[in-house]
Structures are given as structure tokens and as C-alpha cells.
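Novice: From first to last, the protein sequence lines are chains A and B. So the first sequence is numbered by numbering that gives the first Met the number 0: it starts at 0 and just counts up by one. So the second sequence is numbered by numbering that gives the first Met the number 0: it starts at 0 and just counts up by one.
By construction, these hints were calculated from the structure, which means they are not laboratory data.
Straight-line C-alpha distance at most 20 Å; calculated EDC-like pairs for lysine to aspartate or glutamate: (1) A/K85 to A/D129; (2) A/K267 to A/D227; (3) B/K85 to B/D46; (4) B/K311 to A/D156; (5) A/K311 to B/D156; (6) A/K267 to A/D233.
Per the computed footprint, the stretches of chain A lying under chain B, defined by three or more beta-carbons under 8 Å from a beta-carbon of chain B, are: (7) 116-124; (8) 135-145; (9) 148-155; (10) 172-184; (11) 216-227.
The beta-carbon is built from N, C-alpha and C at its ideal position, and this holds for glycine as well.
2 protein chains.
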Amino acid sequence: MRTRLTDFFGLSLPVIQAPMAFVAGGALAAAVSRAGGLGLIGGGYGDAGWIETQFDIAGDVPVGCGFISFALQERPWLLDQVLARKPRALFLSFADPAPWLDKVRAAGVPVICQVQTFRDACHALNLGVDVVVAQGGDAGGHGQSRGTMAFVPEVADEIARRGSATLICAAGGIADARGVLAALALGADGAVIGTRFWAAQEALVDERLVALTLAHGGDDTIRTRVVDTVRRIDWPGRYSGRVLRSSFVERWHGDEAGLLHDLPEQEKRWQAAVAEADPSVVAPFVGEAIGLVQAPQSAAGVIASIRAGLQKGFRPDQYSAIDS
Amino acid sequence: MRTRLTDFFGLSLPVIQAPMAFVAGGALAAAVSRAGGLGLIGGGYGDAGWIETQFDIAGDVPVGCGFISFALQERPWLLDQVLARKPRALFLSFADPAPWLDKVRAAGVPVICQVQTFRDACHALNLGVDVVVAQGGDAGGHGQSRGTMAFVPEVADEIARRGSATLICAAGGIADARGVLAALALGADGAVIGTRFWAAQEALVDERLVALTLAHGGDDTIRTRVVDTVRRIDWPGRYSGRVLRSSFVERWHGDEAGLLHDLPEQEKRWQAAVAEADPSVVAPFVGEAIGLVQAPQSAAGVIASIRAGLQKGFRPDQYSAIDS
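Working from the sequences, and respecting the hints, build out all of it.
Specialist: Laid out in C-alpha cells, this is it:
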């Protein structure tokens, strides 16, 4: 399937793998790129040594890199480090990308800017980024509350109104060919997929956690600040993280003040649980699309199954054959 | 466009108009049905005289009726009253529909059951309703937090797994042909549209409020309990209502205890503002799709524009032509 996105990046299907912090290493990113999608290392909060290692693992396969943009504010030298690896794209989320754009453009690297509100989408369009990702709150990990379904066409309309050349991708709640086709129907040029790749064999996630998480559905996820609070990561107030519910999250969600009061003790508990992959405490960052993921697969297997669905294409009769 | 939904109800496009309480009267429902969709009177909380009047207004045009199901618990005779009007369908939301099904089936009236969680979807499938509506929190009015994008295919998979004959529709964030096509791509047989019909000329909404609301986008909506609190309507805790933000809502959202404390005074303020259509206080129940609605149209105009979009069909090349 050919779209403006596949032509822009030279992909064989309009799928970008979300640069999930701590989860999307060089092996996952390279596997996605080899299979025809756009693979991205999850630079996240910015651990220079880890990022270097992951680019080494990706080797000759062209991959991009994502950052939680405020990490760059704290460690601006990371940008030079990553640009030196000639990334296929830079994927920026959660803070104003303006301070970094000149340098990234000078390096000839495409900029993908993920936004969570229409207001931030307009800012990204003003900056002339190459791709804007309209991320709905359906997504796993950090985000805000707009739903993917209406957010994507609202941004697409704004792009059309401006006659902008910026491409648009949809993110949030997309795990398979149905979601990619829906994204295209809504006016997007492609889709960003996170949760299904979180469960991929190349992702840096404890396999016990993956197995336990896949037994759950979208109802079992929640947007919360509990996980950031216990990890002492100071996110701006408008962002929360969608996670799988755990007893720990249920206990403290809505009582973050209580959690702060008991933080030293609860932090120890959290860290021990992470080491043990204890599902009563640990709450992995997954989206509502977890209900669409049945089993861990290789990244190539994920891409192959999406490609097969896209090749069948959009056939309402297929979904709505009359039972008779 | 023909789907299982259009065949089941004899529609000429797979669109159901949401039975918005106080808003969807006989004129709107009849206009939608005449244009080829499924029009529904918003029986809501159950005002017997109002419902009777609206069926009279619809006249010979076949329309259905929706209820907030717990209204039926309080006034079960309403069901007999509506069934006597031979409605085209009964649309039940927000409470267990089980107590009413035998009577509705005995009258030969199809049952549409709107749900907001996968768990409730399974319950509706167990009951064998004719149509399940998977409503995402993107929707206006009452609902919960699941996003439309992943919720719909999760329910569609469950229907397929069971080999169930129940049809599925998507609701939440859908306002135009793009949304209807996305719903079908996600595995639905049709789409429920609320907000765009809220702004239709036949809807029972003050036209000043419509004009003011259409100046806003999806970012300007919020899920809140403030409007129910000030109206003294006791909704179960898991439901909130998506409304357009107003100063009044911003003031009390998150401080519902303070609102309760000052309720007599604030209730007077609210009622006066409703009479005046004062947009600093009144917060109409609209969804994120308000950002996709540009101007009031007749219901027939809405249907015609959706039909035109559907007839163009799903053409990725149309959305993703290479700029060159």
C-alpha cells in the first residue's frame, strides 16, 4: 500500500513503530525497518550510553530515534549524539520542539512531531514539521485525553485548510490492519503502533509481564499519574500515562497526595516489584489496544499480518456479510 | 452503501442518529429516517407527555426511541407507552437492559443496546440483543472512558469469536463519511452520530447555543459530572457527561463537593443561564466531533453530505496523493 508517508520515508506499508522509552531498542527498531515499516529507538528520557548501544545493535539498518522532548531541554548534547548516527527520523513528543528544529533540519533529518491537542497540532504546523502525529488518549504511555477518532480528522482538516505539506499520522488504539485502514479513512497518511510492538519478541520487556498483560483487555487500562509519582518523574500536569491497572495503581489512583506522603516506602516496593515483574504492583505502559493483541510475535510477524490485512483492503462486504 | 445494518433496518446508509435526551425530537428523528438513516426520539429520562408529542410530530415516518435505561426502572409504564407507538427500534443505554427485553421482543421491536465497556458488551451479547453499540468516551453526553478506536474492534472480535448474530455499531467521535468509513474498517456494521445532529436545524437546541458551540473544537470539550450535579440528576458514579467547557464547568470541575455545598445558589444560576442560553455557564452536551461540524444544516443535508462521502468510498490515494 502506497501513501504519502510510504513515499516520504521509502516504506512498504504506512506504519511507524512508536519509540517507546526503555522498550524500543535497536533490535525492535531494526526489525520493523527491515520489514518495511519505520522503526524507532525509544530515546525517552535520554540515557546517552543506552541510546549509543541501541544504535550499535540496529547496525546498518536505518532507524530513527524518539525523545520525550523535555529530556532534550535537560541534556541538549543528546541531540548531537543522535544526529551523528544519521537517524532516519527524529520523533519528538510532549514539549515544544521549536528549539531543536534548526539543528535537526541542518542535519537533513526529517522531524516527526507527536501532539495530543489541536492547539499543539497547530503549533507543529506553524513550525512546518514533516509529519504531525495526532495521538489520542486511547494510546498507551504518556498522553492526554483527546480521542483518536475525532482528533485525527480535525487535524487533517486544518492541514487541508492551510494547504500545508505536513503529513499526518494517527496514534492511539491502533494495533492491526483495521486500525491502519481506519486511520487512512480518517484522513491520515499512516499510523503509529505502540502496544502491539510492546508485546513483540524484540521489545525490551520482561516476557512474564508480556504474558500476564496479554491476558487483559482495554477495560483493564487506565490513565494515571501514579507510576510517574512513584518513579519520581516530574511530568507536566496535563500529561498522564495509560497503564495496565494493578492493585498498586488502584490503591493510589486518586490519592496521589497519600502516595507522596509515603513515597520512600512505596518507591522501595515499586522497585522490588519491577525486579520481580510482580503484576500486582507493576503497571506496564500499554494502551487500550492491548485487547487486540493475542500473543507475542516477532516484529516481522506483526508487520506481515498487518500487510496481509491491508492487502485484503477495505471491503465493507467482508465485515458485514449478511448471515443467512 | 449496503451493510448488515442497512439490510436489517431497511436503511439506505449505515447511520443511526443518537437519541439525544431533550434534543432529538420527532422532527429530527423523522427527518433522519426520511433521508435513509435510522432516526430516534430521545426518550432520555422519560417524560411521558413529551415522548407522546414527539411521536405525534414524527407522524407516519417510522422512528425509534431511546431511553436512559434507569429511567425505565423508575417509570416502567413508559415502555408500554412507547411500544404502543410501534417504534422502529428501542435504543437502551446506561443500565442493564435485561428486565425489558422479553416485552420488547414480544412486541417485535428490535433492541439496540449501547455499552461503554467490553464487560458490558459481553453482557449485551449474552442477552442476544439485535445491535450492540460500542460507544467511546470521545462521544458527547454520558459515557465512560474507553476510546472508540480500540473498543470497536475488540467488541467485533468478541462477536466473531462467539459466532454471534448481533450487529455492531460504533459511536463516539463520528461526524462525517470519514468516521463512518473508519467505523466500518474497524469491523462495525454502521455508525451512531450524535453531535452533528445536535447541530442540525431540526434539533431542539437554542440556535444561539448552536452558533456559539460551533465556534469551538474538540479540545474545548471535557468529561465531567458538574452538569449532572447542578441539575440534581443522580447518575451512577462510573458515568460522566462530555460537554463544551464553560466558565461554570471550569470553576466546579474537580470541586464537586464545593458545588454540592453551594447547590441551591448555583442551581438558580444554572437555570437562569439555561433560560438565557448564557454560554459562560451553560455547557451543552457535545462530543469531540464538534471540531468537525462547521455550520448548522438540515438533517437531510447532513445525510446527503455523508452519503456523498460514502459514495466516493475509501480511496487512500485521495487522502494521500503525492504533492508534486
